[in-house]
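Here the structure of chain A is known, so what remains is to put chain B with the ligand in place on it, guided by the hints.
So you can see what is in the structure, the chains are spelled out below.
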Amino acid sequence: MTEKKKIYSDEELIARFQKGDERAYIELVRRYKDRLLNFVYRYLNSYEQAEDVVQDTLLKLYTSAHMYREIARFSTWIFTIAANLAKSELRRIKRRRVVSIHDMGFDDKEYEIPSEAYSPEKETTSSYGEKQIQQAINTLPDQFKTVIILREVQQLSYEEISQILGISIGTVKSRINRGRLRLQKLLKELKTH
Amino acid sequence: MDCYSFEKIISDYLDSNLTEKEQQAANAHLAECPDCQGRLQDMNNILSALHSLPQPSMNPGFEARLLACIEQQKAKKESPFIYVLHQYSRAISVAAAVFLLLATSLFVYSAFALPSAPGKLPAAEIRMSNAAPEIPAAAGSILAGSREENTVKDTSKTLPLNYQRHIMVVNE
Ligand SMILES: [Zn+2]
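If you read the sequences in order, they're chains A and B. Under numbering that gives the first Met the number 0, the first residue of the first sequence is numbered 0, with each subsequent residue one higher. Under numbering that gives the first Met the number 0, the first residue of the second sequence is numbered 0, with each subsequent residue one higher.
Chain A extracted, bound-state conformation (with noise of 0.2 angstroms):
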């Protein structure tokens, strides 16, 4: 007897789950966690934040299950709740903590050991570590942040991304376009600072 464990897809997860199998809702999770917390952590910076948020995330689909429809992806629906949370959480941690401009510079240690030491095998002249390339992310606006880490980090299609963030192509591609750009400015100034 070969018993053949059925894949399902993350739309017949949400489905099943709507009618009460809460298995379901663990594969879900299961699926899920990783990729929420490395979105969330990259746009908060901060791994703690990020599991609160990813927790409140799924938290959430477990009590508005109910309110996912078949016309979306599973996956941008989650998205879009996660990327909510985690704007309304980085809005309360900048309130909290409107002094600290020290953010923005490099801090003591990348001065004492620049970034390629840690990376022998990339010598190339321009080459960025995941410091830098963090700062950067950091100090872009909202609306290029969110795009950048969907888009650079979790990979995702315009299309996806136009659907979690509710806006049109047209502006996630041009989102996208000045998102880089000014990533790349970022990144030369913190290099010549």
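To be clear, the hints were calculated from the coordinates, so they are not data collected in a lab. Note that this is a predicted model, so its numbers are computed, not measured. Take the hints with a grain of salt, since some may be wrong.
What the hints assert, rightly or not - In silico lysine-lysine, DSSO-like type, Cα no more than 30 angstroms apart, as pairs:
1. LYS76/B x LYS59/A
2. LYS184/A x LYS172/A
3. LYS59/A x LYS75/B
4. LYS20/B x LYS86/A
5. LYS73/B x LYS86/A
6. LYS130/A x LYS172/A
7. LYS73/B x LYS59/A
8. LYS86/A x LYS76/B
9. LYS86/A x LYS190/A
10. LYS18/A x LYS76/B
11. LYS75/B x LYS86/A
12. LYS86/A x LYS184/A
13. LYS172/A x LYS20/B
14. LYS73/B x LYS184/A
15. LYS73/B x LYS187/A
16. LYS73/B x LYS18/A
Unchecked claim - Examples of chain B residues lying across from chain A (beta carbon under 7 angstroms, computed):
17. ILE45
18. GLN54
19. PRO55
C-beta atoms are modelled at their ideal positions from N, C-alpha and C, and glycine is treated no differently.
Same frame as chain A, now just chain B with the ligand:
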């Protein structure tokens, strides 16, 4: 195409969003402009750095915490009164212990220390006036039935209350 125009379409160039004509114009400019070649190379470096950022994963305890959180919310929704009891169970038991302790102390104090107390015992007796605060049940039992057991017969004077609490004498 000039450098300014190339910079404007660099993102679309990388994502292959250009028409064939635009693509050709961009390539023609690139071929003769080292600045834009450098710009393109730099952007490529940035994007590959973004693509290869380390991806953190959730702490192993996350799932259990999430499910516990859901259970808690369910309980809150289904029976708010029991939820409150559950939520504040520690505070409630501490309050009960403090209350018992106070009641015991007050009882002992009014029975043996106040001069006007009607059931006053001879002054020679030393009494345990302080039950162990962390065991309210024990305080109850002292209150209930160990009056004789906790007495010392031949002490000639009454110790101040704060001494009394340190002396535990039990007859066999
Ligand atoms: Zn040029």
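Here's how the hints hold up against the structure:
no. : hint                : in the structure
1   : LYS76/B x LYS59/A   : holds, 15 angstroms
2   : LYS184/A x LYS172/A : holds, 18 angstroms
3   : LYS59/A x LYS75/B   : holds, 16 angstroms
4   : LYS20/B x LYS86/A   : violated, 40 angstroms
5   : LYS73/B x LYS86/A   : holds, 27 angstroms
6   : LYS130/A x LYS172/A : holds, 26 angstroms
7   : LYS73/B x LYS59/A   : holds, 13 angstroms
8   : LYS86/A x LYS76/B   : holds, 27 angstroms
9   : LYS86/A x LYS190/A  : holds, 28 angstroms
10  : LYS18/A x LYS76/B   : holds, 20 angstroms
11  : LYS75/B x LYS86/A   : holds, 27 angstroms
12  : LYS86/A x LYS184/A  : holds, 24 angstroms
13  : LYS172/A x LYS20/B  : holds, 19 angstroms
14  : LYS73/B x LYS184/A  : violated, 49 angstroms
15  : LYS73/B x LYS187/A  : violated, 51 angstroms
16  : LYS73/B x LYS18/A   : holds, 17 angstroms
17  : ILE45               : holds, 6 angstroms
18  : GLN54               : holds, 5 angstroms
19  : PRO55               : holds, 6 angstroms
Going through the hint list in order, the structure does not satisfy hints 4, 14, 15.
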